[in-house]
Amino acid sequence: MPDIVTAEPDAGRSQPRRPAGRSAKYRRLRASLAPLPWIGPAIALIALVVIWPVVVMVQTSFQNVSALGITLGSAGLRNYSAVLDNPNLPGILVRTVIWVAAVVGITLFISLGLAQLYNQRFPGRRLTRWAIIAPWAASVLMTALIFRWMLDADHGVVNVFLHDLGIVSSFNSNEADWLGRPDSALAWMIAVAVFVSLPFTTYVLLAGLQTIPAELYEAARVDGASPWQTYRRITLPLLRPAFLIAAVINLMNVFNSFPIIWEMTNGGPGYETSTSTIFMYDLKNTFVGQAAAMSIINFAIVVVIVAAFVRLNRRSLQEAR
Amino acid sequence: MKSRRLYAAAAFGIAALLAVSACSSSGTSGSGSSGGSVTLHLFGADYSTGAGSTSTTTFWNAVATAFHRQHHNITVDVSTVVWTQFPDKVKTLIQNRQYPDILEGNPAPPYAAEGLIYPTSQILSQSVISNLVPKFLNDTDYNGTPYGIPWTTSTRAMCYNKAIFSHAGIASPPTTWAQLKSDAAAVKAKTGEIGFGLPLGPEEAQAESLLWFLGNGGGYLDSSGSYVINSPQNIYTMNWLKSFAASGDTEPGAGTANRTDLWTEFAQGKMGMVNCSPAIVPIIAGNNGSGMTTSDLGVVTIPGRNGPLTKTLGVHDDIVAFKAGGHAAQIKEFLDFAYQDQWQLQFNNLYDLLPATASADQKFAQQHPVFTSYMTNIANSVNYPTKSNWTTVENQIKQTMGQAVTGNPSSVLGGIQQTASTSS
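For the record, the sequence lines run as chains B and F.
1 is the number of the first residue of the first sequence in this note's numbering; add one for each residue after it.
1001 is the number of the first residue of the second sequence in this note's numbering; add one for each residue after it.
One should not assume that every hint holds.
[Said to hold, decoys possible] Below, in silico cross-link-like pairs of lysine to any residue (SDA-like), each with a Cα-Cα straight-line distance of 20 Å or less:
id	chain 1	residue 1	chain 2	residue 2
1	F	Lys1162	F	Ala1189
2	F	Lys1190	B	Ser170
3	B	Lys284	F	Lys1089
4	F	Lys1190	B	Asn174
5	B	Lys284	F	Gln1342
6	F	Lys1242	B	Asn174
7	F	Lys1323	B	Leu72
[Said to hold, decoys possible] The following residues of chain F were derived to be distant from chain B, with all beta-carbon distances above 12 Å:
id	residue
8	Ser1048
9	Gln1095
10	Gln1126
11	Asn1138
12	Leu1221
13	Pro1252
14	Val1300
15	Thr1310
16	Ala1329
17	Glu1333
18	Gln1342
19	Gln1346
20	Ser1359
21	Gln1362
22	Asn1383
[As the list claims (entries may be wrong)] Partial pick of chain F residues on the chain B-facing surface, computed with a CB cut under 10 Å:
id	residue
23	Ser1223
24	Val1382
25	Val1393
26	Ala1404
Because the hints were derived from the structure by calculation, they are not lab data.
Note that beta-carbon positions come from the ideal geometry of N, C-alpha and C, so glycine has one too.
Using the sequences plus the hints, can you model the full thing?
Here's what the structure looks like:
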C-alpha cells in the first residue's frame, strides 16, 4: 500500500504535462469506477439487508421503546445496564457455553468418524453419502418439530419405545416429559443440534481427507506404521485446516442457533433452557431496546470467540489457503 | 489508491441508499383520502381455531362489504393475524409508525398514554356507548376517559369431563382446592388420564395464575390499585400449585404447558378437569365423535381454597382507533355500523365468545341457555389490571410464571413484582 501511495504525487508534479496528467487522472478514476456497475447491486444489497438493519439495531439499543413498540426517547446506556443486571443472564451465559461446546465438540467427533467411513470404498457408499445430506436438506424447524412430537409425554414414539423397553414406566408422567425438565430438555436439544450439524461438518472433513495424497499412506505402510500411528501422524495433522474451518463455522452457527430451542421448549420453563440468542428474542417481547442491546452483546461475543479461535490457529488457517 | 477510491465510491453509494431507505421508512400509513373517498385500515386478531373454523378476516370482510354498500365513499381494508403472532405483529406496526385506523385485540390505556388514539366518545355514537357493558368500558379508561371499546368478552369457569368423573367414581365436581386435588388423584389413579390441566406456560400464564390467586383472596392488584404480585396469599397459592404439579396428577411439565394444547387434550377426552371459557365448546364439537362429546361437558364455578370463587376472571378484547390517519368521522360511521346486534351475535356465535353490548347479550342468552352460567358471571368478574405498564408485566408473567412450579415460587413472584413496580 505505501509504495502505491508514493507513486501517486509523481504523476501531478511535472508541470508541462498537466493536461495529460489530468486526463490520465480522469481515465484512472473511470477505470476504478468501471467495476461499479457489476459490484454495485451486490453493494446495494449488502447495504440494504445487512448494514442498514445493523445501524437501526445500534440506534434502537440506545432508545427507550415500550412493550407496545412506542419509542419513548433516548435511554442512554440503560438498556445495556438492564441487560447486564438481569438476574437470569449468568445462567444463560453458562448454558450458552455448554450448548456451543457440547454441540460443536460432539459434532466434530462424530463427523471425524463418519468422514473416515465415507472415505473408504464399500458397497452402497454413494447411497449413504446421499443419506447423510437428509438432515441438512430438511428444514431445521421441521426437524425440531418432529423431535418435539417424538418426545411427547403421552404418545411420542420415543416414549412408546422406551415404555416398551421398560425404561419409562408410565406415560404423561414427569419422567416421560423430556422437554419439561430443563436438564433433559437441553440434552435432547443438543442431540438434535448435533444431528442437523453432522452433514455439513462431515462433508467438510471428507473433502479434507480427499486432499491427503495417497503416497503418504503408502510411505507410512512401507515404514511399518500401525493404523493408529498413521491416523495420528498423517491424517489428523493434514486434516487440521479442514477441521478448523468446520469448527469455526459450526461455532458461529451453533451460537446463533434459534429454531431448535425455540420450537422444542421456547427456552422455558422461565429461561432455564434459553441460550443468549433465545434470551435476546424473548426480551424483544417486552423490552425492544434491551433486546437490541443484547443482540449487540451477542454479536460482540461471536466476534471475540471467532477472533480468539482464528488467532490461536492462525498458522494452520494460513496453510489452508 | 485505486482501492481507496473504490471504497469512497462504495461508501457514497451506501450513504445514498441509506438516505433513500430512511425516507421511505418514515412515512406513515396514509389512508388514501383523495376525492372524498376514504380507505380505513382495520387490523385485528384472528380468532379461528383451525380447520373448519371461519377466519376472522372473512367475518370483518362481510361487515366491511355490507358497510360499503351503504357508504360508498368508505372502504374498509381488513387484515387479521393469529393470536400467537398478534402481539409481535402489532408491535412492529406501531414501532414503524404504520398505524392502522382501527385495531382490534389490544387494551387501550398504553396507547392512550402516548396520545396515539381517539377517546371513545369521538369514534362511537353515544347511543352505542351506553349499550356497552359498563364494567368493560370502564377498563379502557385513561385518566378517567374511556379510550377503547370492548368488542368481545368471555369469562372463565371450570370444565370437567362427566364420563371420566363417573368412571373415577366422583359424585359431584369439586368446590375447594383439597377436593380438586383428591379428585384429580382419583382420575389419574382410576382412569389413567390427566387429572387436572394446569397451563402455566407462556401462552396464557397470566390468566391461569390469576384464577388460582383469586381462589386464595389474592390477585395482581390490591384495593388501592398497586401491584401486589408477591403477596403472601399469592406465594401460598404458587407453593400449593407447585406441590399439586409435583403430585403427578396434573399434566407433566405444567410450567411449560399451553392452554390451547391442554384444551385440545381435554376435548379428546384425555383429561378430567381444566379451567376453560365458552371457546372450548367448538373444539369439543369439532371432534366429530372421537374423544368427548358436548354432553360429557360439565361446567362449574372454579374452586377456591375454601370454596368456589365469588369472582371469576372476565376477559375483553377491545377496539381502539389511531389518530394518525385522521379519519375519526369515518371510523365512527363504521364502528356504529359494526356494533349492531347482528354482527355482535354473528361474531360471538362463530367463536363461542360473549357479546360486549347489553342488547346483544340478552339475545345471545336466549339463543344459548348453556352459556347462562358464564354470563351471570360477567357482572361479577375481575379483569386484568389496566395500568399502562400492564403489557410489560403481562409479558414477564407469561415468560417466568411457569418457573414457579419448577423452581422457587417466592423468588419468581418477587421478580415479577420487581418488574411491575419499576417499569413504566
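Here is how each hint holds up against the structure:
| no. | hint | verdict |
| --- | --- | --- |
| 1 | Lys1162(F) with Ala1189(F) | 16 Å, holds |
| 2 | Lys1190(F) with Ser170(B) | 14 Å, holds |
| 3 | Lys284(B) with Lys1089(F) | 12 Å, holds |
| 4 | Lys1190(F) with Asn174(B) | 19 Å, holds |
| 5 | Lys284(B) with Gln1342(F) | 39 Å, violated |
| 6 | Lys1242(F) with Asn174(B) | 13 Å, holds |
| 7 | Lys1323(F) with Leu72(B) | 18 Å, holds |
| 8 | Ser1048 | 21 Å, holds |
| 9 | Gln1095 | 4 Å, violated |
| 10 | Gln1126 | 29 Å, holds |
| 11 | Asn1138 | 21 Å, holds |
| 12 | Leu1221 | 18 Å, holds |
| 13 | Pro1252 | 3 Å, violated |
| 14 | Val1300 | 24 Å, holds |
| 15 | Thr1310 | 31 Å, holds |
| 16 | Ala1329 | 25 Å, holds |
| 17 | Glu1333 | 27 Å, holds |
| 18 | Gln1342 | 32 Å, holds |
| 19 | Gln1346 | 30 Å, holds |
| 20 | Ser1359 | 32 Å, holds |
| 21 | Gln1362 | 35 Å, holds |
| 22 | Asn1383 | 18 Å, holds |
| 23 | Ser1223 | 26 Å, violated |
| 24 | Val1382 | 22 Å, violated |
| 25 | Val1393 | 9 Å, holds |
| 26 | Ala1404 | 9 Å, holds |
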